[in-house]
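**Student:** Okay, here's what each chain looks like letter by letter:
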Amino acid sequence: MHAWSRRRFVAVVLLGALTASLPTVTPAEGIALLRADLELHGEIWQLIGGFDIQLSSTLEDALHRGVQLTFVQVFKAQRPRSFWFAEDIAEVTRVIRLSYNALLKQYYATVSGHTTTHASLQELLEHAGDFNDWAVLHQSQVSRKHTYVLAVRMYLDTAQLPKPLQVNAVASQRWQLDSGWREWNFRP
Amino acid sequence: MIYLLLGGLFVGGGLIALLSLAAADTALFAENFPLLLYLNAGAVVALLLLISYQILLLRRRIHAGIFGAKLTARLTRMFALMALWPGLVVYAVSVQFVLRSIETWFDVRIERALEGGLALGQSALQYLERDLVKKAETMAQQLADQAIAAQLDRLNELREAAGIQEAALFGTDGRLLGFASGDKGGLAPPVLDQGALWQVRMQQPWSRVEVLADSTGMVVRVAVPVNIVTMVDSLRILQVIQPVPLNLAESAMQVEAARRQYQELAVSRVGLKRLYGLSLTLTLAIALFTAIALAFILSTRLAAPLRALARGTRAVARGDFSQVQAVTSRDELGLLTQSFNRMTQQLAEARSAAEAHHDSLLQAKAYLEGVLARLTTGVVTLDHDLSVRIVNPAAAAILGRERSELTGRPIEQWGDLDTPLNHLALAIREHFQRMPLSSWQGQWEYQRADAQRILVLRGAPLTADESPDYVLVIDDVTQLVQAQRDAAWGEVARRLAHEIKNPLTPIQLSAERLQVKLADRLDEASRATLVRSTETIINQVAALKGLVDAFSQYAKLPAPRIEPLDLNALIKEVAVLYEGHRPVSLNLAEGLPPVAGDPALIRQLLHNLLKNADEALVDVAEPRVEVATRRVEAGVEMCVADNGPGFPEQLFNRLFEPYATTKAKGTGLGLAVVRKIVEEHHGVIEVRNAEGGGARVCVTLPLLGQNDE
Numbered sequence: 001m002h003a004w005s006r007r008r009f010v011a012v013v014l015l016g017a018l019t020a021s022l023p024t025v026t027p028a029e030g031i032a033l034l035r036a037d038l039e040l041h042g043e044i045w046q047l048i049g050g051f052d053i054q055l056s057s058t059l060e061d062a063l064h065r066g067v068q069l070t071f072v073q074v075f076k077a078q079r080p081r082s083f084w085f086a087e088d089i090a091e092v093t094r095v096i097r098l099s100y101n102a103l104l105k106q107y108y109a110t111v112s113g114h115t116t117t118h119a120s121l122q123e124l125l126e127h128a129g130d131f132n133d134w135a136v137l138h139q140s141q142v143s144r145k146h147t148y149v150l151a152v153r154m155y156l157d158t159a160q161l162p163k164p165l166q167v168n169a170v171a172s173q174r175w176q177l178d179s180g181w182r183e184w185n186f187r188p
Numbered sequence: 189m190i191y192l193l194l195g196g197l198f199v200g201g202g203l204i205a206l207l208s209l210a211a212a213d214t215a216l217f218a219e220n221f222p223l224l225l226y227l228n229a230g231a232v233v234a235l236l237l238l239i240s241y242q243i244l245l246l247r248r249r250i251h252a253g254i255f256g257a258k259l260t261a262r263l264t265r266m267f268a269l270m271a272l273w274p275g276l277v278v279y280a281v282s283v284q285f286v287l288r289s290i291e292t293w294f295d296v297r298i299e300r301a302l303e304g305g306l307a308l309g310q311s312a313l314q315y316l317e318r319d320l321v322k323k324a325e326t327m328a329q330q331l332a333d334q335a336i337a338a339q340l341d342r343l344n345e346l347r348e349a350a351g352i353q354e355a356a357l358f359g360t361d362g363r364l365l366g367f368a369s370g371d372k373g374g375l376a377p378p379v380l381d382q383g384a385l386w387q388v389r390m391q392q393p394w395s396r397v398e399v400l401a402d403s404t405g406m407v408v409r410v411a412v413p414v415n416i417v418t419m420v421d422s423l424r425i426l427q428v429i430q431p432v433p434l435n436l437a438e439s440a441m442q443v444e445a446a447r448r449q450y451q452e453l454a455v456s457r458v459g460l461k462r463l464y465g466l467s468l469t470l471t472l473a474i475a476l477f478t479a480i481a482l483a484f485i486l487s488t489r490l491a492a493p494l495r496a497l498a499r500g501t502r503a504v505a506r507g508d509f510s511q512v513q514a515v516t517s518r519d520e521l522g523l524l525t526q527s528f529n530r531m532t533q534q535l536a537e538a539r540s541a542a543e544a545h546h547d548s549l550l551q552a553k554a555y556l557e558g559v560l561a562r563l564t565t566g567v568v569t570l571d572h573d574l575s576v577r578i579v580n581p582a583a584a585a586i587l588g589r590e591r592s593e594l595t596g597r598p599i600e601q602w603g604d605l606d607t608p609l610n611h612l613a614l615a616i617r618e619h620f621q622r623m624p625l626s627s628w629q630g631q632w633e634y635q636r637a638d639a640q641r642i643l644v645l646r647g648a649p650l651t652a653d654e655s656p657d658y659v660l661v662i663d664d665v666t667q668l669v670q671a672q673r674d675a676a677w678g679e680v681a682r683r684l685a686h687e688i689k690n691p692l693t694p695i696q697l698s699a700e701r702l703q704v705k706l707a708d709r710l711d712e713a714s715r716a717t718l719v720r721s722t723e724t725i726i727n728q729v730a731a732l733k734g735l736v737d738a739f740s741q742y743a744k745l746p747a748p749r750i751e752p753l754d755l756n757a758l759i760k761e762v763a764v765l766y767e768g769h770r771p772v773s774l775n776l777a778e779g780l781p782p783v784a785g786d787p788a789l790i791r792q793l794l795h796n797l798l799k800n801a802d803e804a805l806v807d808v809a810e811p812r813v814e815v816a817t818r819r820v821e822a823g824v825e826m827c828v829a830d831n832g833p834g835f836p837e838q839l840f841n842r843l844f845e846p847y848a849t850t851k852a853k854g855t856g857l858g859l860a861v862v863r864k865i866v867e868e869h870h871g872v873i874e875v876r877n878a879e880g881g882g883a884r885v886c887v888t889l890p891l892l893g894q895n896d897e
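Heads up: the sequence lines are chains A and G, in that order. Our numbering applies: residue 1 is where the first sequence begins, and numbers increase by one. Our numbering applies: residue 189 is where the second sequence begins, and numbers increase by one.
These are calculated hints, taken from the structure and not from any lab test. Hints are all accurate, no fakes.
What follows is a set of in silico ranges between Cβ atoms, one per label pair, in the way DEER data are often shown:
#1 Ile48(A) x Gln442(G): 36 to 46 angstroms
#2 Arg457(G) x Arg187(A): 46 to 56 angstroms
#3 Asp371(G) x Arg187(A): 47 to 57 angstroms
C-beta atoms are modelled at their ideal positions from N, C-alpha and C, and glycine is treated no differently.
Make the full structure from the sequences, and use the hints.
**Tutor:** Given below as structure tokens:
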């Protein structure tokens, strides 16, 4: 031990830190993109399609016990440039809150302040995953001359969970629900 | 490192505070909770690294043998243990307590009660729902009996009859045809959604209990088909809405809320345990590791003065008293350092004082030795058991021995057995033993190798105690005694000359007058007798005169007039006078420097010696006299040797005293005069018998200027 030089000590520590920082998390498979595309309605580009959400048993149980699940949908548009970083055109976020009323055996989904009531979990998840003609771009923001890279992502926002569950979320894979970025090219 | 640690402590404390705040329900931290956890974990890891580094450092120090490192390690261990034990106890108790209290929140009975309450609410609501469905169906039948145009007019009437708050009539496509409400100025009824429309078209009644948007109550919504047969429509849809009684709604909602909270807690049970456990663990880890790191630093600081002291001690051991340790603290360690400094200073002072003392002692000793060495009196000190400690050079010279032969041994071991020195030593011992506490004095004759000496010995104790050391003082009084004798003889000679010489001339004159006056008057025989007698008187008087002259010469020898003297020339001059009588063979060294002498006195000295030799050779068959000179260290030596009988042994002690003579006619003054002249010239005279017979007298005269040194 005493023969260890200071340099070697530092090297070992750095190696340990590097190993610890390597990503060991594999993307959760609870949210998959079914379809995503833009449709022009008047001057507004609307997002159509949606995600397929499959809750793990843990999350389903939590929902049925009354825990509110908060999902976040993010839309991002970028224009790639050959000589520089891509130009950010737009980034739009909306929050979807799912809850359950055990008394009435009803599911609620609140999207952008509008609450809908659903009788079954399947119905709820279909509604929550759908883009529902989400207005994401104005016509003026994009030009026909360029090709754009669009990306959508939907994930469970564990930071909005009650804190004790956040600890679980930090420690457990079952609480991780993330589609990851799904990209496609788009030319108006 | 201390600042690093203090920074770490600060950050750690802040993180723990944030963690505890976050554990309470605060919205701000809720979002950043995982980040906070990671930060805390990071702080723990950083502290762990710091401690590892410190341990590594300490081990290397111990291995390198740096003084104080082991003490640091021990102190660190003690401090760490002191922090670890209570920390672990508090941690264990806290974790146990928290986990137990979390468990106590959950009770099957409460859960069952909540589920029961919920079921009760549900059944109550279902009852209301079914009741309203029946009412709606009744209303729908009554409406179906009416004409299509009259349906809208009858709607309010039927609503009031059924006691329903609101009724609305929709077309098959969900289009609102008309409605009646108990509220004055009520809003338009909520539109049926697709699911409901589809269900009603299938002739199924649709019902739902809904919570009002502001959560103040609940309503039951029911939609039933109104079957009509017209050209346009085959079906109309009746929707009735009835509020749930307020107290029922509230109670049901409360039960639902309580049940939701309970279930949420139940879901969070593991999470809560983890949260508190994690918070406590992180807190413990940060506190503990900080304490350990702090312990390390404190131990190092505690041991630092000891290290300085050790450095100082080593320096002192090397004899370097100049290293003064800086006093850094006011505690006992600082005091210790201060005391050490004082001690070092005192040591330095003591050493310099001792050195000064030693120097002064050396000086005193040198002074004493100088004094003793230059004393002509011999001084000997003895221990109480009479072993000799110090013999000064004069004593050694007087006794004719080397100092090393005399010192460091008992006095009775001076000289071999039966030597004069041994006899003297035994006599001294006897005196000291007889009078151990008082001083004594005595005179001894001591036969030194070269000459007989007369010594006066004085012994005295050095101190007044019971067993004192002794000092023995030896004076060589030979010269003094000799001088006294010489003076006595000079006085005798002078008196003799005076007393005897005066009557001699009248005696001689009287005898001559007797001869002159009586010679003519006496006969031949008588005259011959007279002449013979008077001649005898005259001759004897002349001899007496000579004797008296010799004595007066001895007594009144003039003071020498010292001048440069060529000894060889003088010898040759004198030797010529003896050529006719008895030749003298000369053996003179060439190139001798002039000696300091009075020519007249030296001439007389030479005459006396030659006359002595001449007289000694009267009865010798082949008489031979030789005069030799040579250069010696003390000056020039002149030896007169003969082959006569030599000096008798018994006379050697008194050779130079007047009247010491072997000859019938000699006055015995010859050698006495010689010695007196030699002494006047500060020379040395040595008399001995030659080995082949005959006497040999050697006189060494100093060179001119030699005595001035």
